[in-house]
Structure formats: structure tokens, C-alpha cells
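Assemble chain B onto chain A, guided by the hints.
Residue numbers (UniProt numbering), protein chains in the order written: chain A, 1 to 236; chain B, 1 to 475.
Bear in mind the hints are in silico, worked out from the structure with no lab data behind them.
Source: prediction; values computed, not measured.
Zero decoy hints are in this set.
With a straight-line cut-off of 27 Å between C-alpha atoms, the simulated DSS-like cross-links for lysine-lysine are: (1) B:289 <-> A:122; (2) B:109 <-> A:122; (3) B:136 <-> A:218.
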Amino acid sequence: MKKGQILNRESFISNLSNILGREMPKEVVHPGLSSKPHLEIYKGYTQAQLAEEFHKNAQVNKAGSGGKIDSLIIEKKDLANTVAEKLVEHGTGPIIAWNDERFAEWGLNEVLKDAYVWTDKKGRENVDKALEASYGVCISDISLAETASYTVIDKLGKGRSSNFLPLNYVCIVPQSTIVPRLTQAMQKLHEMSKEGINPAAINFICGSSSSSDIELNKVWGVHGPIRLTYLIVSDL
Amino acid sequence: MGIKINDKSFKKNLEKNLNDDFMRAAMVKAQDLINKNRANVLSQLGDGNYQEWQKLSGEARAHAIENLDFYLNQFAENVVKNGGTVFFAKDAKEASQYVTNLAIEKGVKKVVKAKSMVTEEIGLNHDLIDAGVDVKETDLAEYILQLDDWNPPSHMVVPSLHLNKTQIRDVFAKNGYSGKDIPEDLAAFARAQLRNEFLTADMGIYGCNFAIAESGAITLISNEGNIDLCTSAPELQVAVMGMERILATYEDADICISLLARNAVGAKSTSYTTFVNGITEEGAADGAKEFHVVIVDNGRSKVLKSQFKEVLQCMRCAACLNICPIYRQVGGHSYNSIYSGPLGVVLTPLLAGYEDFEELPYMCSLCGACTEVCPSNIKLHSLIHEHKRVLAEDKKNSAFWGVSMTGAGKVFSRPWMYKLGTGIAPLMTKPLMEDGKIKKGISILKGWTDKRDMPALEKTRFRDWYASRSKGGNK
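Next comes chain B alone, as it looks inside the complex:
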């Protein structure tokens, strides 16, 4: 799949999703529920001073990113001490090819996968399938999406949020399910289908929440337990991680893990927090006999070099999605990227370029809520603002936008033009009005008035009204 989830225009994606009433209601429900639970568990974290923990987490992540070369090297050395092999991949192609070639070389027929965004990013599933390997996603949501003809994820933590239970029932029905659209029954069907897959797979592939440099451990956090089965059953295992997932020490991991589940799903902890340290003891009946870690750059080093490097501190908890008023309205697919919400707005153009994603920075009202909640202390809204600046000043990628902004600049910097403009604006907008409201906007106004009415412009300008009051007027 890669980062981009389809070839439709930004506007087409947006239109489609704005008309998906179920999806939009699901986003609202998810945000409300998770944020309520999040507030509750954060208030119970020690003395309830979340900002202090947030600061510490930001320090730990920033320290690792500032010393990425050292800690990645230390991590790799320790993985080898633990019996594993490390492959440094400069791009998606190298990373995916390494895993695919490994599968071919080892005669792998079936792979079980646990949720991993970076394997989506590098398009690994399709390369494996093209190589004749049977790929089974095992996270319930990812399993649903795979059966639904690889429907893209719409949320980082709840990837199938955009599908309702009837749609899921229909997807399962095509694969032998004959029951009703009852979540418990659907989950039981998935359990029955998936359990044996773990035990018959030749290879397990999973992601990495954090990599601990001091020991070479891969940390994995989940509620379902599928990751634990992926790390238990297959003899050949591969962890794929973005290079920024590194942490220096277990103490740093403590702080970050303590914030991850709380921010992601509003729980003190997920059911399973797992540390994998390479191959198992000699003679063990299960666990990895061969263990590989693929560390992926794929554009991250360019980010490290840029003014956006702070975004590498992200721990993919989705707190920013869960608070974002734009995400709430448009849903994850509208970002046309596997990385959605404010994090996606910042990260996607950096990894995949502005060409396909120049609209993304405008999916933000700069309200700053994402920055407030971010457990890695990333100033997300400032980075989004910086994207806008780059697009406006450096890229100058839209003639229309450039002309509009130049025009606006001239008007706002010349009082006589501003006065004239605000004076005639009510008259100019009169043809667009119905029942005292602007309902038929043109150009950039249309995006607003297509969805809601805009109040009519007052005939009296604020400055005139204020001057009149100052002189004792009564209006």
C-alpha cells in the first residue's frame, strides 16, 4: 500500500468521507469515549500532574533522537548479543525486499503479522503476497480490513473504526461466517479462524513500540494478545521498526509506556506489554529460533535534518487524533495517508513529499489541542504552521493561493483599501444570500457554505460602530 492509501484527489476523498454518516458518528463516539477515559486515568497518574510526565517523556524521546546514531548502534550490538540479526534499510524498497527475500530463502509459506504501521508504510504485505507467501494479519481490526480487500486503516489505534458491525458481518460472511452482526459472535469467529494460523505459520512479523538500546529489547503493547502469539509460536521472527522508535534505557521506557496506553485508549495499561530480546534459550519448545530486526529510515533522516525533527519523538499513541476537531469531522481516510490526524498532517508530507499532500497542512485549525495532549511533548500545531509557511513562502505551490494572499496582504496593509473593501463587502455578498444568510458561497467560501450557513455581513463596520458608541451613540 505505502503511505498513500488511494489515488483519488484530496477533494474527492474528503467529499466521500463527509457523506459517510456512520463513519463520522463513529469518530465522534471514539473521541468522546477515549478522551473521557484518558482524562480519568491521567488524573490518577501519581499526583495527577500529567504535564510533568509529558515533559519527562519529551526529554527521553528528544535525548534518543539527538543521539540516534549512538543508540541505534548500541541497540544493534545488543540485538546481536541476544542472537539476532539487524538490517538497516535506507528506504521502503530495501526494507520490504529484505523481509521478502528472507521469507523466500527460508521457504516460508505463511506469515502471521501483528499490527505494524511501518510495514504498511513499506508496502510489505503486497510484496510478500507477490512472492507467493500467505499473509495473515492477526489484529482483529487488521484482519477485518484484510478480508475487506485490504481496506486501509482509518485510525492508528482502532484501524477499522470506519466500518460498522453489519459491514463487518458482510465481510466475514464472504469468508464462511453465517451468524448475526453481534460483536461477540464476530470476535469468536475471528478467534476460531486465527488461533490455528499462529501455530501453522513459518514466520511472525511485528512492529515495535519502543526499542531499548541498553538491552536490545523490542517493546510491544497490545490488548488482544496476538502480538504475544506472533512472538511465541513461529520459529522465524522479524520485527520492523522506524528508526526513531529507539529509547536509551529501561527507565525512559517506563515513562513512555506509562503514557502510551493512557493516551492511546484511556487505560492504565494494555492487557499485554511485551519485551522481546531475540532468540529463545537453546532447547525451548517455542519462541524465536531466528530473529531479525529491520530498522527503517525511509525519509526519516531527511526529517532529522529539518526544522521538523521534533516529530520523530512521536510514539504513535493517537492522542492527537482523538482530540482533533478536524479528524472528528472528516475521519482518517480523508488524510489519504496511513498516518492521519495532526501527526499525519505533519509526518506524511515529510515522508511522502508535498506533491501529493500539499493540502494536508490545511486540515488544521491551529487550535493547539494536539500539542496540549501530546505525551511526547511535540508542538504539533507549530509544526503544522511551519508546513503552511513552507508551502506559502518556499514552495509557492498554488498560484491561486499566492495571488489571494498577495491581494489580501495589499488590502490589509492599506487602510483606505481595507475601509473600502469592508464597506462594500455586504453589498458584494448580497447575491449569495437567502433568508438573511450567505448560503451560496463562491470560491473558497463555497467549502464552508456547502455544509452550513454563514452569517450575513453587518452593514455597519465594527470600527464605525465602535466610533459611534465612543461618541455616545446608542447603536
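Looking at chain A on its own, in the form it has when it is part of the complex:
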């Protein structure tokens, strides 16, 4: 099987065009949405106000998770100490972190000195380390105030498995990355796509792994991380 094929397209698409009573158009002009209420949410908020909203909504998520989610607003000068505290809060254990120079820039070298750093060329070993990890550490690419979601845009050095396999997760949320809601993230993906950039995966995450499949009782960590801590850094 060759990559990059489209199989059975002609008959399938022409059948649809026939049903729709025309040939397939060469272009379709999207009519646009008839109103834009999604643009009004947190409109005009400053980054600091958005950070407050992010934190507030994270607190709502925290309450709904029985404490499995936590959120703190801190300054960059306190980042290293706070990360250090959070990385032992639920017991010590192996740590996995992205291969990201910002950790060093933000003074986290010492805190992460024993962490396994995702190194793609090591292949499968990365995944095994992620599976063993008690803690994962990451940085949000885009942060959504309305749902207190952080976003991971796939890139070498980040490792998708490192975001889903550790038991506990610490996510650094730079205040500058916070936008009102999914709307602004979609605008960014739209712009990237127009430039031909479609990252292999974009993950929006706003909680621990949970399920209500057993008599609607909410249980945590069926698959992914059980605990999640957001560190919202007000001056990053």
C-alpha cells in the first residue's frame, strides 16, 4: 500500500454530486456564520483578566474533580520552587519532560536535572520512560480561559506519549498564551493551515483522565494522567 492515495474517489464523489443535482463545484464560498457570539466571550479582556478567568475555571474543574486538578497563579521568579514542590506532592518518582530550551531559560534546569528528557532519536525508550513516569512536565502552547484548557501542538522533542502516560502532570501556562476560548485557537489553526502547516496532532486538555461508565460514578485515571496541576505564570 502506497502512502498518499485516494481510493474509490471518483465514483463516490460523483454519486454525491448526482444526488445534489449538479457537478461537483470547483469552489464553494462559505457563507460564514450568520452571527458571531463566540467572538463576544471575554472580548476586550487583558491578559491578566484572562489569566484570572483561566484560574477561576480551573478551580471549577478542581471542584468537579475532587481535587485531582489544581491551579496556581505564580510569578516567573517562583516557578522553579513551585515546580519542585509540585513534583513531589503525590510522592516522589521518575519525571519526564520535553526537550525544550525554555525550561533552562526559566531556571528549571536544577529542578529537572534528574528528569528523563524526551529524545526522539532514542525511539521506543522514550515511550517506556513515559509509561514509568510519576510526573510529566510540559508547557502550554495555547491556553483557553473559558475551559481552563492547555494545548500541546505536536513537534519533535515533545513526544505525544509523554503527555498521556505519566500518573501526574504539571503544565506551565504562560499568561501570554491565554486566549478567551477555543475560537481563538481555531483561528490560529486556520492561519497555520492556510500556510500549509498542519501539525500531526493538536491536543486540548482540560482535566485528568476520567470516566463515568460505571453507574455514572466519576472515576479518575482510567487511561491518562490522574492528577493535573496548572502553574499560570503571570509574567511569562
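The following block gives chain B in isolation, referenced to the frame of chain A:
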């Protein structure tokens, strides 16, 4: 499995489920809880004007369906640009065969699957198993149902809703669990069993909530994170989607995603919202090295051609199940279809034919609650009514029903017959009465009186009573 979940008659399924007290209580609990949470999060959506969002979502979905050929083509082109392969499947057999052959060709021993209704619809699991592939469903509910000898799902969002924790404990016990029926312990057992499966699987298969034409992205929405592990770990990945799951743009996706979780589970967002754009960067240690999308027609183009095409706008949120008074009473298995509730009533006969599902349109009181809540703005109750019309006028599939309706038509259109009928009805129903109530109904009345008493018919007709009052009577 396919769309139909068993070969029992509609009546047998219904009888069985009406006698399942736990299941019926579970449906009530689920509806009450989800609807309470839903109302709360919808009131917080912007200015709380849900109807406006509902309208926008309906516009986005309708636009995509009106231009399905263009957007599917655009989507396919973009999937290829992202390094993937697209297979257009006209029916269930073609779709399932493509995935199964791919698994055989690539020497796949184990598949991890994340919840996908369309793979149920095309019967993929059993074809893979017949081909010697070890299939692991990884959504907790689907995992439970798989271990329970492929017990069919009863709800679109909470598929194992019909099982209680003791039943689940017993299912797990057959697979090595020795603990109690405590949900946290049961979930921990599933975690321990499933985590390694992701990392040892050769292939990941998942569904698609929305496909974004402008980029070729598959959007997946879940709380558990199993979908994210399915999209991270295996090198060979396949997304299977019904052809109607397409959306034109990210902006459209924003509106629809914003309504999906709120309507499905009463949350602002699920824990994980994931966009997958084909193969990973060269040199990446995980993610898909090979990516396929199977786009499934399987009867949907017939729906597109019909007066029911609006149902293709459905985003499978289950809001209609969660509000439906019939679903509340009978549960998902009574629909004998993987698609239950009002959506199932509309969709199942269209995809699988009236022959096996002619009773389904009558699983509806036409209260219209499903239409009111639908985030895709589908007039579900009107479509159900249209099914009834087709069955009554075009199909004329029940001699009894036809005779009954013809008879009723004659009576109602002739005042003297109506007067005579309503006059003698109390007398005619007297043998069916006990303690002043009709308790032993016959024919179509029996379905009602088997479950509850029917008030006795008044001896005085309303018209006579009204005439008497109009003349100053005091009754």
C-alpha cells in the same frame, strides 16, 4: 455486529427491557443528571442564548451536507497532503474489508480501538477477529462490553449504562479481577489491563467526531484519554468516519465542538479534544507513521437523496436520548439498533431498512423535546412523523394498522358514527373494568393496560356535558 443488535422481535426486546428494573432506573438517573448539568453549562455559554448557537451549528452542519461532494474531496486532498491515504467505502463490507485487509497485509497482531459507532455499524471488530487479529476496545465502557461477550451498547455516550457495578465486577472476575464492586477499583483494574495494550498494539483504530475539510484534520472528543493513546502509540492508524462527519472550516468546528460536550455530558469541554492531521514528523519517536482514513457511505447517500437528509447533520451528542421520555422508559437496547433514542428512530430505518425496524417510528410520542435540544438544529420529531407517514401511506406495511386507520377515518368523518361510537364505548369497555378502571385491555389497549390502569370512560360524552352546561345545566 452491524446496526441490528439482535434477532429477537421488537416486542420481545421491549418486554425484556421493561422488566429490567436496574436498567430503567439507570436511564432515569442518567437523564436527570446529564440534563441538570447540561442546563447549567448552557446557561453559561456566552450570553446564555443557546438557540443562537444551535442555529449557527445547524447552519454549519447544513452547509457541509449541502456541499458534501466538494468538502469530502477537499478533505481527502488535505489528508493526502498530510501524508495519509483515504479510502471511500460505498458500504459496510467494503469499509470493513479495507481495514481488515490492511491489517492482514501489514501483519497486524493486535489492534487498539477507541470508541467509534461507525465501526460497530460496519461490523469491523468481528471481521478483524475472524482474520486472527486481537482486538482491544479501550474506552472503559466498550472494554466492559467486549469482556461481557460483546454486549451491545445501550447509549451513545455512556454505552454500558445498562450494567450495574456488580455485573461489571462479575465480568471482570472472569478476566482475573478479585476485588469488590467498587467503581474506583474496577477502573484501576481496567487501567492496569489496558495501558500496556496501547504500547504493544500494531494498529490504532478510532472514529471521528468531525473532519475538517480545510486542513484534513480528524477531531476526536473524549474524557478518558484512550483516544489520545490510540493516536499516539501505534505506528499504523486508521480513522473510520461516516461521510456526514465533515465540516468546512475550523470556525465551524469551534461552534460544533462548543455544543457537543455541553449537550453530551453537560460539561463545558471534555478532558481531551484532539485534532489528528495524519502522519507525524519524520524522526518522531511516536505517533502515526502510516495513516488511513476510511470514509463510509453505507446508505447515507440514500438519506441525502431523501426528505430525511437533515438527519445527516447529527453530531451524535445523545442530547435527544437524554431528553426523550420513551428512551427513559425503555432504554437503548429496546431500539434493537446501535443508534437508539430519537436519532436512532430516524436514522436506523434509513440505513437498515423498514423491514426490520418498522416499529421504531412508533417509539415516539411526538412531544418534540428532541427537536428542542438538538444542537444541530434537526427537527427530529418532524422526521419521525414523516417516517410514520411513509409507513402509513407509502409502505402500507401493516394490514391491521391500515384497517384500523381506515376504520377510524370513517368513524371520525361521519358525525352519526362518531356519536354512536362514543355513546356505546363505556358499555363496550365495561367487561374490561375492575374497581372502576380499565385493567384488562385488548388489542392495542393491552400495551397500555399491561403496565398501568386506564381511567374508565365517562358515561356522559363531553359534547353532551358541554351542551348541558351551555343551557344552564349544573353537571
